[in-house]
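Listed in order, the protein sequences are those of chains A and B. Heads up: the first sequence at position 164 corresponds to 163 in numbering that gives the first Met the number 0, and the numbers run straight through without jumps. Heads up: the second sequence at position 52 corresponds to 51 in numbering that gives the first Met the number 0, and the numbers run straight through without jumps.
These are calculated hints, taken from the structure and not from any lab test. Keep in mind that the hints are not guaranteed to be accurate.
[Claimed, not checked] Below, simulated DSS-like cross-link-like pairs (lysine-lysine); rule was C-alpha separation at most 27 Å, straight line:
#1 A:K28 with A:K81
#2 B:K202 with A:K358
#3 B:K164 with A:K320
#4 A:K193 with B:K209
#5 A:K81 with A:K140
#6 B:K190 with B:K164
#7 A:K121 with A:K193
#8 A:K140 with A:K193
#9 A:K193 with A:K120
#10 B:K93 with B:K202
#11 A:K81 with A:K193
#12 A:K358 with B:K209
#13 A:K320 with B:K202
#14 B:K164 with B:K93
#15 A:K140 with A:K129
#16 B:K209 with B:K59
#17 B:K202 with A:K288
#18 A:K358 with A:K288
#19 B:K190 with A:K288
[Unchecked claim] Stretch-level coverage of chain B by chain A, calculated; a stretch enters the list once three of its residues show a Cβ under 8 Å from a Cβ in chain A:
#20 25 to 39
#21 193 to 199
The beta carbon of each residue, even a glycine, is placed where N, CA and C say it ideally should be.
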Amino acid sequence: MSYNGFFVDDLDEIYATLLSSVGDGLAIKYRPLDEAASLAGELFNSHPDIVAVDFRLDENPEMIDPNKAYNGSGLAQLLRDKAAASPEYDFPIVLISAEDKLERFYRPDGTAHDLFDRIYKKDEVAESPKPVRAQLISLCKGYEDIKAVWRGGLERLSVFGLYGEELTAIANQELRAALISAGAPHIAASIILKGVIDRPGLLLSDNELSARLGIADLRPIESVLVDRQIQYQGVFSGGWRRWWAHRFDDWARTVFGARPTTMTGSARANVLNENFGANVKAAVSTWNKSSDERFAFSCAVCERPGEIRHSVAAFDPYAPKHSHRKRICWDCVQTGRYVQAKIEVDDVDANLVEDVMTKSRDGDANS
Amino acid sequence: MQTPNRQSVEINVNEVTVTAGEMAEAIRTVANKLLAVDIISPEGYASLGEEVRRLNRTPKATSWEVEIDRDDAVIFSETLDERGELIIPRISCKGISVEQVQHDCPPFAALDVALEIQDGVRNSLSRWHVDWANSTNGVSQSGPLVHLQYGGHRPGHRDTDHPLKVPRWCHPPMDILLLCELVAANFYEDKWEELREDQNWCKAIATGQKLCYSAYLRKMLEGLSVSSKTLLHSMWATEWRITPE
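Based on the provided sequences and hints, a complete structural model is requested.
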């Protein structure tokens, strides 16, 4: 399957080429600026599979009358309005921007970023375009999958690729009701991307899975997990590798004979090595360098395995009920890394931050 | 009787005072942590929030009350019992009246907290309450000053009351915080295994432990040092109650 799309910018035509991967099935054409309504009409009527826009579209006065200048969000809003009226032609819209401030995830500014399926920095696209292309193709394919079951109501849940009794894993009311009531495919895509793919809960990323296994690196055990069909194969899986949490939990209980997070990293690594000859290494606490900690999550800031007793809750006002709350390891708190990452500590643990800032790490290992 | 060859350790249990503000902060933390792991229902969270707001009106007070009506109980999330049947734990509190004026006795003027387990159609399966022995006209109710009792009365449903009022088990006092942890540990053990690792959860629960257990533990230690009187006797309401001056 080959997908076609547009890149709209007033300056950097080169990104259309960088985003394209004709051999892999994605052709992105550069589209210069025009008056907003006519450009939106033209783009929509050509039924693209994807549109990428720069956030700042007002930096080149030769391109458009400065009095009629607009941002990428303005164009995206016009396109989303058209898609809501004709959902069969809905498509993903991504932002390609040089502006670092757009990175904020936990505190989106609430103005326009919900309009975009994904946000990429231009540096990221220029330095390693391959994973970005894979994600763009996955977005095109995902929208296709969603549109194929759009009229089905409950059938929309089938995009996750679970059937029979396993459906209970995803049929929670919050997700089910949101998907059924979604007014257009891009709304459903946003619910899935931001509520399921991006957040640990129903699905787990590689880092989350490593933390739950209490190991430093997933690679030595990867083939075992794939053989047990723990890998997620549903919508958007081509761009974002994820693992089913419920299948992992069932498998882990059999392997460890207990919930893995009740065991230390060393103990879990030993079990994996004995059972599978996997040669995995136990994770190391970011706080006290010990492997005898009960690693349970991937830090929201550094993504390394963290233990609950040396962490605080991250402020995440948009977390759906089916997701796990994100946490920040004490190392990222004490080094101030969480401030740089613009991730806030939840008020419920704010009183701990002051203690952590002056806490000694010596002699704090689990006995 | 042989004395075990073990070095005796002197244990000191400090006298503590918990202000209304400190209790509010601890309840707020527990409510948020329970919500974060999806153990508590939105209604249950709101009930605890209401107590936090009430306590925070007089944050420095050392005498304060907690009251959670049975109709506005702290309702937990639906869960399954060993048979796979739906059950819902609920905590209510007819009245906790804290008065920290002396430290020879648990710091309560009144204490009545209940844990009720309901089935999927809201029938009561079991009800337990931690109670303070009532005193009427200076005459104490029979039983330990602080006791655990099965059953209890549901206003307007005398016919469904458990026929026996006894035994009243000698039991340390428990407040809302300690009951919340008891529910988490017994009914949502997987989630509790995470909560108990959380430093702020432990700190909040410690507030309830200090309030409820300090004077009780001192009494037990005192009782263990004498052999002329049983512990149960010394903790019986007629023996232990401090008569107001």
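Hint-by-hint comparison with the structure:
no. : hint               : verdict
1   : A:K28 with A:K81   : holds, 21 Å
2   : B:K202 with A:K358 : holds, 16 Å
3   : B:K164 with A:K320 : violated, 41 Å
4   : A:K193 with B:K209 : violated, 43 Å
5   : A:K81 with A:K140  : holds, 20 Å
6   : B:K190 with B:K164 : violated, 34 Å
7   : A:K121 with A:K193 : holds, 21 Å
8   : A:K140 with A:K193 : holds, 17 Å
9   : A:K193 with A:K120 : holds, 18 Å
10  : B:K93 with B:K202  : holds, 26 Å
11  : A:K81 with A:K193  : holds, 22 Å
12  : A:K358 with B:K209 : holds, 24 Å
13  : A:K320 with B:K202 : holds, 25 Å
14  : B:K164 with B:K93  : holds, 18 Å
15  : A:K140 with A:K129 : holds, 17 Å
16  : B:K209 with B:K59  : holds, 17 Å
17  : B:K202 with A:K288 : holds, 24 Å
18  : A:K358 with A:K288 : holds, 15 Å
19  : B:K190 with A:K288 : holds, 26 Å
20  : 25 to 39           : holds (count 7)
21  : 193 to 199         : holds (count 5)
Comparing the model with each earlier hint shows violations of hints 3, 4, 6; every other hint is respected.
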